[in-house]
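Chains A and B are the protein sequences, given in the same order.
Taken in order, the first sequence gives residues 1 to 796; the numbers are from my numbering.
Taken in order, the second sequence gives residues 1001 to 1209; the numbers are from my numbering.
One or more hints might be untrue.
Unchecked claim - With a straight-line Cα cutoff of 30 Å, these simulated DSS-like cross-link-like pairs (lysine-lysine) come out:
1) A:Lys669 / A:Lys475
2) B:Lys1180 / A:Lys49
3) A:Lys211 / A:Lys165
4) A:Lys49 / A:Lys669
5) A:Lys49 / A:Lys13
6) B:Lys1180 / A:Lys724
7) A:Lys475 / A:Lys430
8) B:Lys1180 / A:Lys669
9) A:Lys165 / A:Lys321
10) B:Lys1180 / A:Lys475
11) A:Lys724 / A:Lys430
12) A:Lys475 / A:Lys724
What the hints assert, rightly or not - What follows is a set of in silico ranges between Cβ atoms, one per label pair, in the way DEER data are often shown:
13) B:Ala1133 / A:Ala615: 33 to 41 Å
14) A:Ala615 / B:Gly1135: 30 to 38 Å
15) A:Thr789 / B:Ala1065: 51 to 59 Å
16) A:Ala71 / B:Ala1065: 16 to 24 Å
17) A:Gly596 / B:Ala1133: 26 to 34 Å
18) A:Thr663 / B:Arg1208: 37 to 45 Å
Quick caveat, the hints were computed from the structure, so don't treat them as lab data.
Just so it is clear, CB atoms sit at the ideal spot from N, CA and C, and this is done for glycine as well.
The lines below spell out each chain.
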Amino acid sequence: MATGSQDSPRHEKFVTGIVGVGLSDVERTVPADEAPPLAPNAQLSQIGKPTPRWNGRAKVTGAVRFTADIALPGMLHGRFLRSPLPHARIRAVDTSAAERHPGVRAVLVLLGPNGAGGATSVSAEEDVEATRRNEQPIALYAGAAVAAVAAISEQAADEAVRLIKVQYEPLPFVVDMDDARAAGAPVVYETLDVQPGFGASGLVSPGLTLKGNVRGPAGDARGDVAAGLVAAEVVVEGEYRTQVQTHCCLEPHGIVADWRADGLTVHISTQFTAGVRAELARAFGLPLGRVRVIAEAIGGGFGSKSQLGYYGHAAVALSRKAQAPVRLVLERHEEQVDSGYRPATWQRLRIGAARDGTLAAMSLLSYGTAGTAIGAGVGNIAQRMYTCANFDESHYDVFINAGPGCAMRGPGNVPGAFALEQAIDELAEKLGIDPVALRDRIDASPVRREERRIGAERMGWSTRHPAGAETGTIKTGLGMAQSLWGANVQVNSACEVRVLRDGSVEVRSSVQDIGTGTGTIIAQVVAEEFGLRAEDIVIRIGDTDFPAGAPSSGSRTAASMTPPARNAAYQVCRQLFALVAPALGTTADDLQARDGRIVSRRDPARAMTFHDAAASMRTGQIAVVASRGEDYAGFRGRRGDMGFALNDLGGVQFAAVSVDTETGLVRVKRVVAVHDCGRPINPAQIESQVQGGILQGLGYALLEERVFDRQTGLIVNADLEQYKLPGALEVPAIEVHLIENYQGFSATDVYGIAEPSNIATAPAIANAIYNALGLRLRTLPMNRAAILTALAAGKN
Amino acid sequence: MRFSVGVHGLRARMSRRSFLKGTSAATAGLAALETALTPAGAAAADDPQVFGPEPVSITLRVNGAARTVAVEPCATLAEVLRGPLNLTGTKIACNRGSCSACTVLLDGVPVASCSMLALDVGERAITTIEGLANGDVLHPVQAAFIEHDALQCGFCTPGMVLSSAALLERNPQPTAEDVKAAISGHVCRCGTYPHVVDAVLAAAQARRG
Ligand code: FES
Ligand code: FES
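Throw the hints in and build the complete structure from the sequences for me.
Shown next, in the form of structure tokens:
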């Protein structure tokens, strides 16, 4: 029970632990205005239930409006002119013919002697470009935006773009990471001025050396790796390559910008309305209050829609120039060429261990390329997943003439896991220890231990045969791998809960729902507090006219938004209780809300309906804004508003494959995925998201690859035909199991799931292929050609 | 010369050649096609009628109503639905026939509306996602999509729903494999396929009662 006065922090007892493994009480200090501890899900009515999606009906009837569906009166259509060359100095841009086109209302040169510069975004990857553009107009990759046009129709805009004349001076180029590392390779950047920030795969350090196209090393070290390797009884070492994966959001990037004298309104497909608002205010010199950003529906983001982007900036500039709203939506080709991607990597990983499996040392060298962007690292999974006193890593970024990469679901740790989890599998084989048993020895996480236990049982792991033991043409195999991701929190994320006099409950926040179901879980949490049903709660989100919410990235939205939603609802409830307590002849402390009623705990006969209570309000509404504080037990680190919680997110995946040794076709038959996200709020939505993570991982493992023609510097598969995505026929049977893991860290104890679900899939499949063939594939994608080549070579 | 392909309802009035002649000035891709379709030296004199580049007035049967619109001859069905008809539930994700996001039903048959000219629709009845429910009562497939959480971002969803509804019309008792085959042309980057299969099987069950 709560102790202490209303205004000082309270000490509260939380039930913590893994349900099914063991629960115990932990005392934590809770701010005075936050709700008391929440019972485990089994005792709740809305939380932990597979509530239907808040906007499901709008989505299945076509009523929901994505950015390209917005049409404003007098709206113009924007279109880019893009460089046809992979590296070229821009000598001149002549827009006169385009400006004379009768349908054209504005033309902007983004990249040219007469250009304004296209990039103003604050991200590290785009800063690099901005610096470059301001110094000298050079198109750094084929597809770089050179100019933009706004016209009365898409057709007119297309015509006008073709009327722009650009004088390019071709420069030598390089589109392959190995080529770019070689001595004498064409140089992408002569100099670089890098600001600290988030790059394509995590934090970027300033001040590293740039030699040719190679920048680095960034790294980390602990203990004494050399001594550890000497002491090791067994050493495994391997080189791994991972390819570029593009986000392929089904909804292309798009924006409708409406610049007016009294302010700017923007509809944009974004993962962070509040962030885009801040970028716009900075870039265009407007006060925040004059910028409104709206995202009613977002057709996927996966990391590629976290910022305003060059296209957003250009659309706003066009709208300002044309004095009319401008809609600019990228075409699929532009999506594949210039909207970000997961960087490619090369890794050499060396692990030494004692005979009993104890890790003696781990050493990781990596190169990665995010094209013209920085931060193509391999995450922190090798550094953190297993207990190993001696560790070092060095990472180098390699620049090539390709569009900038950016964060993609599980950035860094996805390629990192492909190497680490195969190396651990290889080590287990060499030690003669089962891979699950080895991890039980070297992985300190109690959550993953339980996940391995459940997964192994469900997959029938004990039936796994020795590697390459089968003799037929089609060989089957089982493999497993683990995931690690930070439990991230956006501190200060806010939302408002209001009860109206007719008993309506509204939640308002700028937070967006990119398909993860953020709106649904907020409704569930608020409904739980009010004793209502989730469908009774009106969700108003995706609009910066409301309190500033969290970004939908870094798997932090649920962890950031559900606590303030619950705390705001709790405070509204307290006010409502105080209002009706005299009428019920009791005190506010004695009241609780359940089943649509406000009821006395002492005497359940003293009760009134929630509607009657609301009707007794003197004002039209009771409204409270709450924001996310720090975790009750603190953070292990913090950067700006981003807090890194003490726990990590885990997840263990098991895969069963068959490999046709004549055709090279790999079929993933079954995936068992066991995951944790603190307190699960909506198991149906979590299952959906985990399935999505697995399928993106399956595409990464077997199918997807961006292919450059090294002679022309062009991408040859910038489409959805030759860039192969998994379809319904590639889908394995997927079983998702969720761990309930309570820690008493916040008012809801919720953490994310998007990224952890995407990290273990590719290495689990790779380990299963190894089990089937006795051959280890260390290069992605493991497509038919790769399998047949490995079989022909017949060795590791 | 006259081509018998495609142009339902307009066949009496126009030939493919005249149509192409009308639009080739505006559309480089079609100009190339015209060259390919026209035998060298073929006389165009047998059909003097030329369509476009000005808009042509056509009547489409959309979701049970006749809608007369002026369309450019080169306009795709998806463009006409989303633009002048304001039926934005039809999505464009690739605009070249590789993802099925733009699926609509023509006389109950799923087609990629991004890859079909509006002029080619003719008399066929168009069902878009806005026209699938019966007033406020959702189609069983729509209801099952919500129930089984067969949507995430929802961008592929209208097309998935329409193909699934068409499947149940032609095969009221599909197996999971039938459902997968029916949606195999649909790209869903969020990875909803497993729940879509669950939903469509449940909808089939619900329809049988
Ligand atoms: S938009 Fe028509 S098939 Fe992709
Ligand atoms: S639900 Fe997002 S693409 Fe299918």
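So, going through the hints one by one against the coordinates:
1. A:Lys669 / A:Lys475: holds (12 Å)
2. B:Lys1180 / A:Lys49: It holds: about 28 Å lies between the C-alpha atoms, which stays within 30 Å.
3. A:Lys211 / A:Lys165: violated (35 Å)
4. A:Lys49 / A:Lys669: OK: Lys49 of chain A and Lys669 of chain A at ~29 Å, within 30 Å.
5. A:Lys49 / A:Lys13: holds (24 Å)
6. B:Lys1180 / A:Lys724: holds (17 Å)
7. A:Lys475 / A:Lys430: Holds, because 22 Å separates the two Cα atoms, which is no more than 30 Å.
8. B:Lys1180 / A:Lys669: holds (15 Å)
9. A:Lys165 / A:Lys321: holds (21 Å)
10. B:Lys1180 / A:Lys475: holds (24 Å)
11. A:Lys724 / A:Lys430: violated (35 Å)
12. A:Lys475 / A:Lys724: The given pair, whose Cα atoms are some 24 Å apart, holds under the 30 Å limit.
13. B:Ala1133 / A:Ala615: 33 to 41 Å: Cβ of Ala1133 of chain B to Cβ of Ala615 of chain A: about 34 Å, so the range 33 to 41 Å holds.
14. A:Ala615 / B:Gly1135: 30 to 38 Å: holds (33 Å)
15. A:Thr789 / B:Ala1065: 51 to 59 Å: With Cβ atoms ~58 Å apart, the hint holds.
16. A:Ala71 / B:Ala1065: 16 to 24 Å: 20 Å Cβ-Cβ, so the 16 to 24 Å window holds.
17. A:Gly596 / B:Ala1133: 26 to 34 Å: Given a distance of about 29 Å, which is inside 26 to 34 Å, the answer is holds.
18. A:Thr663 / B:Arg1208: 37 to 45 Å: holds (39 Å)
When the structure is compared with the earlier hints, violations turn up for hints 3 and 11 and for no others.
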